[in-house]
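Residues per chain, in single letters:
There are 2 protein chains.
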Amino acid sequence: MKQLAVIKIGGNIIDDPAKLPGFLKDFAAIEGYKILVHGGGKVATEIGKQLNIEPSYVNGRRITDAQTLQLVTMVYGGLINKNIVASLQSIGCNAIGLTGADGNIMPANKRPVKDVDYGFVGDVESSKVNATVIQHLLEAGLTPVLAPLTHDGNGSMLNTNADTIAQEVAKGMGKLMQVKLLYCFEKKGVLLDPEDDNSAIRNIDLARFETLKQTGAVSGGMIPKLENAFAAIGAGVHTVTIGHADELQGLINGTAGTTIS
Amino acid sequence: MKQLAVIKIGGNIIDDPAKLPGFLKDFAAIEGYKILVHGGGKVATEIGKQLNIEPSYVNGRRITDAQTLQLVTMVYGGLINKNIVASLQSIGCNAIGLTGADGNIMPANKRPVKDVDYGFVGDVESSKVNATVIQHLLEAGLTPVLAPLTHDGNGSMLNTNADTIAQEVAKGMGKLMQVKLLYCFEKKGVLLDPEDDNSAIRNIDLARFETLKQTGAVSGGMIPKLENAFAAIGAGVHTVTIGHADELQGLINGTAGTTIS
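If you're matching them up, the sequences are chains A and B in order.
For the first sequence, the residue numbers in this note's numbering are 1 to 261.
For the second sequence, the residue numbers in this note's numbering are 1 to 261.
Same shape as in the complex, but just chain A (with noise of 0.2 Å):
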């Protein structure tokens, strides 16, 4: 079974020059296929206020109101992606900047309307990647960067989160690859000690989880990061990492990060 690396990156690199740059140099010396997959960034709300369009959030989610949808179409399907793919092409990697539209590729549902009206917000089945279309890609030497923009099948784009992205593809590849998934985040990993980034758990499999949970070692946000994990690994996803993008050819040669399995 050929392997597959599914990546994903947030803001906190997107919007750091400083380290965009070493990052896709790292990406794309990565051997064997590959997809990236990118989050929104600090840009998108810049532009934004620049162009009266408020930010609105309930529980920490972005509210997605046209406006809002005619922005993030905009910058992370245009700016941040075609900026990506333009770099990774100066360095060798021949990549093709997509969004769930292109190629029907992520197809996806338009949020129903329970507590909260999201607007414009995208939720994507695994089932309904079309995995072959990327397969045709990769197998035809591109490598996918995927915008978290989705589409609703009736002419609309819909905003979907980056992380819900790289899981679903990473589910939906995993019926024709061997696929590890990777989230770069700010931390080098799962951490024994919150404030000793060194100390970076190696792997964590159910039980440990568990017993990290009732430490406090594992809190907070991490706690559904993790249980997305596990949902991706029994889903059909190899492994999942999760770790520091400093560290990219470690997370993926498992020398670095905590790796889920």
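Calculated from the structure, these hints are not laboratory results.
Here the structure is a predicted model, which is why all the values come from computation and not from measurement.
Wrong hints could be hidden among the right ones.
Since the list gives no way to pick out one identical chain from another, each pair is judged satisfied if it fits inside one copy or across any two copies.
[Said to hold, decoys possible] In silico DSSO-like pairs for lysine-lysine, Cα to Cα no more than 27 Å straight-line:
1) K128 with K25
2) K25 with K110
3) K187 with K42
4) K19 with K187
Given the structure of chain A, go ahead and fit chain B onto it with the hints provided.
Below, chain B without anything else, positioned relative to chain A:
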């Protein structure tokens, strides 16, 4: 030899919510391989104004400074391109939105500074169009939708005229396929009587072109348009047709518009 239609639309269709859906429906209905090339449109100027980016022109050409490059990368590569892709997806056309950077399909050279510094403007050569990547996409059942953007191979996106993109892609693909190049504009073709929209000349060859220039039936902006069309024919494009977007089916089957061959 397989057939391919390369169809270019400009701002007069993109900006018109009453026209665009109908055009896209006609486009989606075209059988066989096809590529859509879109221009910019007023929305870029409007968003630019809100962002305090004043458009600057020399000899009718937009100067692309760094800010304007960001603007067009967002608006052409993101907003316009992805909305067209989502619309096409909703009517059963498996569109994939691309710039010249994506899959390195159109590397370009930043235009050298002579009398005018055009800024971040890319000149494309058809010999550098990566026709095999485009062929791969077509054979995978995908319909490329091309934004008027290229890249310099050194990490920067570049702004490129959509007519040029259409022409160079058509020429580049002419090596592999029998290419029809269609320019949709606001007239029904080359008019014998400029006042009579139903006086379109069905076919023009070089001899007729010379005669029409002498009689004055062909003048102004139509002259370079037709010169480019003859150049495309000379470079391996099978036919070039100029006509009204409302008559797309007729332009494809040769019953509307003016065809140069």
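Quiz item: Which of the stated hints cannot be reconciled with the structure, identified by number in ascending sequence?
Solution: none
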